Amino acid sequence: AWEACTDAERATQFLLEERIAEEQLHIDELEKMTSERQASVTNERITLKQVV
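If you're matching positions, the sequence shown starts at 4 in the numbering used here and goes up one per residue.
Derived from the structure by calculation, the hints contain no laboratory data. The model shown is predicted, which means the values in this text are computed figures rather than measured ones. Don't be surprised by glycine CBs; every beta carbon is placed ideally from N, CA and C. Don't take every hint at face value.
Pair by pair, the computed Cβ-Cβ distance ranges are [stated by the list, open to error]:
| id | residue 1 | residue 2 | range |
| --- | --- | --- | --- |
| 1 | A11 | E34 | 32 to 40 Å |
| 2 | H29 | A7 | 41 to 49 Å |
| 3 | Q27 | A7 | 17 to 25 Å |
| 4 | T50 | C8 | 53 to 61 Å |
| 5 | K35 | E12 | 15 to 23 Å |
| 6 | Q41 | E12 | 38 to 46 Å |
| 7 | E26 | T50 | 36 to 44 Å |
| 8 | M36 | E12 | 33 to 41 Å |
| 9 | C8 | S38 | 30 to 38 Å |
| 10 | K52 | L18 | 53 to 61 Å |
| 11 | E20 | L51 | 45 to 53 Å |
| 12 | E39 | L19 | 25 to 33 Å |
| 13 | K52 | L19 | 53 to 61 Å |
| 14 | E32 | C8 | 25 to 33 Å |
Let the hints inform the model, and build the full structure from the sequences given.
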């Protein structure tokens with residue numbers, strides 16, 4: 004979509020930039036949540052018990 008915009012379509016480019024920035028924020032938040040979860044999983048100790 005970005006490459007299809009010409010100089011005459013600055014408003015469309017502006018809207019696309021805004022949308023891309025919003026999506027990047029969502030990506031950053033998801034990456035932060037994922038890294039926090041991975042860190043907590045690494046710190047958890049799992050003990051398996053054998054049932055006889």
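Just pull the numbers of the violated hints for me, sorted ascending. When the structure is compared with the hints, numbers 2, 5 turn out to be violated.
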